[in-house]
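Using the sequences provided together with the hints, build the complete structure.
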Amino acid sequence: MKKSILSICIMATLTLTVFSCKDKAKEAETKEAETTAVAEVTSEKYTVNVAESSIQWKGFKPTGSHVGTIDLESGVLTTSNGKIDSGTFLITMSSLKDSEGSAKLEGHLKSADFFEVETYPTAVFEVTGVEESEGKTLLSGNLTMKDTKNNVTFPVSVSDENGTLSLTSETFTIDRSKWNVKFKSKSFFSDLGEKFINDEIELTVSVKATKS
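Under this note's numbering, the first residue of the sequence shown is numbered 7, with each subsequent residue one higher.
Keep in mind the hints are simulated off the structure, nothing from the lab.
All residues carry an ideal CB built from backbone N, CA and C; glycine is no exception.
Wrong hints could be hidden among the right ones.
Stated by the list, open to error - Simulated restraints, written as ranges between beta carbons of each label pair:
1. 218 x 130: 16 to 22 Å
2. 216 x 69: 38 to 44 Å
3. 124 x 216: 30 to 36 Å
4. 69 x 177: 17 to 23 Å
5. 199 x 142: 36 to 42 Å
6. 109 x 41: 37 to 43 Å
7. 143 x 44: 18 to 24 Å
8. 73 x 41: 32 to 38 Å
9. 199 x 51: 50 to 56 Å
10. 53 x 200: 44 to 50 Å
In structure tokens form, the structure reads like this:
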């Protein structure tokens, strides 16, 4: 009987581990910052509609997860022959919200432990290139957050209907430690035990832009 109970517990643990791994999206390819893309003379310009655009985030720890949103402050995209050739987005870090409305969590995420919003009120994403690979559109850009800039690449879908450009990413993760966000990160501290917070942050980007 004891062996049966032990077997069930082991199987349950393995199942939970497998599903926990599957729950996390693939990490965006991250490398050193690259040269920012420049619009062609004949490119068409689109201005981001911030009211219809957002970034969803999800953070993980051993005991669960938190989800929320961050707003765009402004943004511009340009296209040439129907394809994105440049773009810049400003992200308002003070707009960071927890979906459950926890003022304590929001305050902590905005503090010096995490994103230091008072010192670094804006994050920036600048397009460096777009390519097709294995049937997917891959968007690359320099993400500047806090005092660090890295280039990230992730899959997106893009459509243009009646002068409105829609860009939606697949859900992907970034490793916060690569942007010097250290709080309870195993990348910086080796004595945390189970009191750590995962480095991975899941992001889903949704942008609507109107032809200027």
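| query | For the pair residue 124 and residue 216, does the Cβ-Cβ distance stay inside 30 to 36 Å? | reply | holds (32 Å)
| task | Look at the Cβ atoms of residue 69 and residue 177 and judge whether their distance stays inside 17 to 23 Å. | result | holds (22 Å)
| Do the beta carbons of residue 143 and residue 44 sit within 18 to 24 Å of each other? | holds (20 Å)
| request: Given the hint of 44 to 50 Å, check if residue 53 and residue 200 actually sit that far apart at their C-beta atoms. | output: Check passed, 47 Å falls within 44 to 50 Å.
| query | Is the distance from the Cβ of residue 73 to the Cβ of residue 41 consistent with 32 to 38 Å? | reply | Check passed, 34 Å falls within 32 to 38 Å.
| task | Take the C-beta atom of residue 216 and the C-beta atom of residue 69, compute their distance, and say whether it sits inside 38 to 44 Å. | result | At 43 Å between Cβs, range holds.
| task | Determine whether the Cβ-Cβ distance between residue 109 and residue 41 falls within the hinted range of 37 to 43 Å. | result | Holds: the Cβ-Cβ distance is about 41 Å, inside 37 to 43 Å.
| message | Within 16 to 22 Å: is that where the Cβ-Cβ distance between residue 218 and residue 130 falls? | response | With Cβ atoms ~20 Å apart, the hint holds.
| Quick one: are residue 199 and residue 142 within 36 to 42 Å, going by C-beta? | holds (39 Å)
| field | residue 51 and residue 199 - C-beta distance against the hinted 50 to 56 Å | value | holds (52 Å)
Of the hints listed earlier, there is not a single one the structure fails to meet.
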